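So the sequences go chain by chain: R and H. Note that our numbering has the first sequence beginning at 557, numbered continuously upward. Note that our numbering has the second sequence beginning at 44, numbered continuously upward.
Hints in this document: simulated from the structure, not taken from any laboratory. Every value quoted in this text rests on a predicted model; they were computed, and no experiment measured them. A virtual CB, placed ideally from N, CA and C, is assigned to each residue, including glycine. Be a bit skeptical, because a hint or two may be false.
Stated by the list, open to error - The following residues of chain R were derived to be distant from chain H, with all beta-carbon distances above 12 Å: (1) Ala-578; (2) Asp-641; (3) Gly-813; (4) Glu-875; (5) Gly-890; (6) Asp-903.
Unchecked claim - Restricting the straight-line Cα-Cα distance to at most 25 Å, the calculated cross-link-like pairs of lysine to any residue (SDA-like) are: (7) H:Lys-200 with R:Asp-953; (8) H:Lys-164 with R:Ala-898; (9) H:Lys-468 with R:Asp-563; (10) H:Lys-200 with R:Arg-901; (11) H:Lys-200 with R:Ala-815; (12) H:Lys-164 with R:Leu-757; (13) H:Lys-164 with R:His-758; (14) H:Lys-200 with R:Glu-644; (15) R:Lys-855 with H:Lys-468; (16) H:Lys-468 with R:Leu-757; (17) H:Lys-200 with R:Leu-757; (18) H:Lys-200 with R:Pro-759; (19) H:Lys-200 with R:Pro-770; (20) H:Lys-200 with R:Val-719; (21) H:Lys-102 with R:Asp-953; (22) H:Lys-164 with R:Ala-783; (23) H:Lys-364 with R:Pro-818; (24) H:Lys-200 with R:Ser-918; (25) H:Lys-468 with R:Val-719; (26) H:Lys-200 with R:His-645; (27) H:Lys-164 with R:Gly-878; (28) H:Lys-200 with R:Leu-580.
To be verified - A few chain H residues facing chain R, derived, Cβ under 7 Å: (29) Asn-192; (30) Gly-210; (31) Pro-231; (32) Asp-234; (33) Val-382; (34) Val-386; (35) Glu-401; (36) Ala-403; (37) Gly-454.
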Amino acid sequence: MALPPADALAKTGVDVRDAGAADLVAGVRPAYVAAPVSAEETAAVMRAAAEHDLSVVARGAGTKLDWGIPPYRCDLLLDLSRMRDVVEHAAGDLVVRVEAGCPMSDLAAVLAGAGQRLALDSPVPGATVGGTLATATSGPLRLAYGTARDLLIGVTMVRADGVTASSGGRVVKNVAGYDLGKLLTGSYGTLGVIVSATFRLHPEPPRRAYVRAPVSGGDAAHAANQAVLGAQAVPAAIEYERRSRGGGATVTVLLEGGADLPHRAEGVAALLDGAEILGTPPDGFGAYPADPGTGTLIKLIAPVADLPYALAALDAAAEATGLDPDVRGSSGVGVLYAGLPAGVRPDDAGAFLAALRGALASRDGTAVVLRAEPDVREVVGMWGPVAGLGLMRRIKDRFDPGHRLAPGRFAGGI
Amino acid sequence: MALDSQDLARRFREIVPDGVVTDPAERETYACDGLTYHAAVPAIVVLPRTAEQVAAIVKACVAEDVPYVARGSGTGLSGGALPRTDGVLIVTARMRRIIEIDVENQRAVVEPGATNLSVTKAAAPYGYYYAPDPSSQQVCSIGGNVAENSGGAHCLKYGFTVNHVTGCEIVTPDGEIVRLGGKTAESPGYDLLGAFVGSEGTLGITTKVTVRLTRAPEAVKTLLAGFATTDDAGAAVSAIISAGIVPAAIEMMDALAIEAAEAAVACGYPEGAGAVLIVELDGAAAAVEHEFAEVERLSRASGAFEIRIAADDAQRGLIWKGRKSAFAAVGRISPAYIVQDGVVPRTALPEVLHRIGELARESGIRVANVFHAGDGNLHPLVLFDDAVEGQGARAEEVSGAILDLCIEHGGSITGEHGVGIDKAKHMPRMFTEEDLDTMQLLRCAWDARTLCNPGKVFPTPRLCGEVPGVRRGAHPLVESGQVEQF
């Protein structure tokens, strides 16, 4: 006779306890929490979970557990916060290997000691490496450096069946085998548990300048965007911000460099009417427009040239529903975030999303709700239309045939 | 199942009336790609013009259980486009249109047969270019670049094909036309595009590619530095990287590679150099000026006895000429050679170069080194005379030992040429059985019949079987078919 699940988990030797009120995953309470200290322990827990048909959700710092859709099963919460070592920082090779539970801020502190950085913003304070990868969060620097998928060069995962597997490696240039890191990045824990990751690094720039200019509307924002992209400015980021529909909007260009920086900043300022050059980031630079812990956070993706169209679509949807979202994001790459405050009426949020998605669809744009309050979540479709769902389902079926990994949290019910 | 090539060719002619090759002599010309020592004459060659035709061809292959391989320009160096004698070769040479240059979105939309350089040429009038630049860029196809995740000398700063492709229209191994990504920076859901790029033609065939265009830099500065030894040149590389400079490219050639290049193209590299370094910086003019002075200073401090700075594009071309001709040039000093593509962490370069030197001395097989020093991507050229009994085998041994060195130092067996047929047998030296099994889960999800470029990348195919498992606890909305609502 097989052991009861609790005993089987305990037998792994891993620290296991009953879940409490602080362990909810988007409102769903798991039965157990296991806190492994190593990849081996993680694999042992995952094998036990597989044998006992336990569904598993991984947690780092828990900053985004209420993102996405609640899992339709959640027996075991895998707490990776004890796996927080920077395993190897090869400064001369500009490469770092780090455990999944390491906070991004801890990693940054270690790298800063060598004058280096992972050129990936951390928009949610406290987030871990694993959680950042699983949700594929990014920020302003994506214009120059890409997102997590572009900086991740190796990954080790534990599969649903408890098998540990790696892809990539610890050299930047490497095309041996499939790149599973790309697949895991942004998969919300539905394909495997990331236990460690290797990133390429960049030197910390000696100086930064922020060139900020007011823009009167969508067309002006677009003109600013295009002027900077088309110039020889080599911007690290181009960010748009607008608080409230009628209020003023700004575009901020981040430049990084050395002694040449003042000269370049003046060049960019000359492109933008009313520009000022700041030595420090303007308030809220790179932050999400809504509190990622309470409100509704929407990610809009559209081709860069459709920025005015996307902003107009936001305005039209807002006007029709009486809502007034804050908007901020990386206009230089065509990714914006819209935030609705806590307490918004679910029907209004639903109508807002429907109008927005309807308008964006004609321009190949999408609007994904990253996070919403429970009553809003029930009304809006969190993911919206997703292309390639058939292939995605087949991948899920191969990696997790029992559908035990974060089931239901992803697009298409995956 | 035995291939009835006559019947299949008849069906292909219904799809592409003027694009089916069955003549043996003509098929023979497709027997290999750039890696010529693997050859296999395909049973049928088809040259479609549209995605719909590719889809129909794939469907016909699937219906008959016939393997198929896609081929672009056939410049690959790992045998990724090696045909199957019992299969179909689908050649994209007739799909080479530049469909659109979209300046505002910084994108180009092209057909897979378009050459890498043709994208840059089409974008140049607008002040843009396509950043990945494999040495074969004049002839290699974008579709092949996508399959191999091609790099190039400038990927040190700008990244690889996967960082520059934002969309692909593909024909899946089921013969369905599917769009992955597009002109947007990303798309919701799994990163199917990221998984597809670099899958070496095993997950489907690209029929349309959307690439990111990069603003042509305001300034480009290139220097050529001569050093007494590769150690000195290596020290310069380390000093430059440690100074926080990210050059567009840092290339190194050793004495034997220089000798070959001189013999072939008379590039006039510094006399008596044991190693030369090519360092290129690009970007905003003010930044390039500042950093270039630093690079020059650091090179001298590391022992550069001669430094030449390109004054214009013509001089820059001359500096690059020796480097870009190096592979072909060794033909001047050796009847035959093997090109390796291993990678080591950059800091391990000096030691690995010494060990390669030892291997060469011990075996009596000469090795010329020409490589991307900035990212540790070695291209040792193992020279041998195939007319001399046993030399080919010894060269193979040296080549294998070099790969061992790379793996020993935490590197990779391939930095940009791909695994293909050539290095599939080496994959277990770099990855565990579990790693390879997991990668093949992806393969099975896309191509359970393994008809799409079979025998490449993996040493032993995984039997995919049916979609596994009885699924329990499916979400009620999934069951009721409302999944699009998520």
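> Does the CB of Gly-454 (chain H) sit less than 7 Å away from some CB of chain R?
Replying inline: 5 Å, holds
> Is it true that the CA of Lys-200 (chain H) sits at most 25 Å from the CA of Glu-644 (chain R)?
Replying inline: 23 Å, holds
> Was Ala-578 (chain R) rightly flagged as not at the interface, with every chain H Cβ beyond 12 Å?
Replying inline: Holds: least Cβ distance 25 Å, greater than 12 Å.
> If you draw a straight line from the CA of Lys-200 (chain H) to the CA of Asp-953 (chain R), is it 25 Å or shorter?
Replying inline: Answer violated: Lys-200 (chain H) to Asp-953 (chain R) is near 37 Å, above 25 Å.
>> Just to be careful: measuring from the Cβ of Val-386 (chain H) to every Cβ in chain R, is the smallest value less than 7 Å?
In response: Cβ of Val-386 (chain H) sits 5 Å from chain R, so the hint holds.
> Once the shortest beta carbon distance from Gly-210 (chain H) to chain R is found, is it less than 7 Å?
Replying inline: The hint is violated - Gly-210 (chain H) has no Cβ within 7 Å of chain R, the shortest such distance being about 9 Å.
> Do the numbers back the hint for Pro-231 (chain H), that is, is its least Cβ distance to chain R under 7 Å?
Replying inline: 5 Å, holds
>> Holds or violated: the hint that Val-382 (chain H) contacts chain R, with Cβ atoms closer than 7 Å.
In response: Check failed: Cβ of Val-382 (chain H) comes no nearer than 15 Å to chain R, outside 7 Å.
>> Check the hint pairing Lys-102 (chain H) with Asp-953 (chain R) against an upper bound of 25 Å on the C-alpha distance.
In response: 23 Å, holds
>> Run the distance test for Lys-468 (chain H) versus Leu-757 (chain R): straight-line Cα separation, threshold 25 Å.
In response: 31 Å, violated
>> Hint Ala-403 (chain H) vs chain R: min CB-CB distance below 7 Å?
In response: Hint violated; Ala-403 (chain H) Cβ to chain R Cβ min 23 Å, cut 7 Å.
> Beyond 12 Å from chain H, beta-carbon-wise, is Asp-903 (chain R)?
Replying inline: 16 Å, holds
Checked against the numbered hints above, the structure violates hints 3, 5, 7, 8, 9, 10, 12, 13, 15, 16, 19, 20, 23, 24, 27, 28, 30, 33, 35, 36; every other hint is satisfied.
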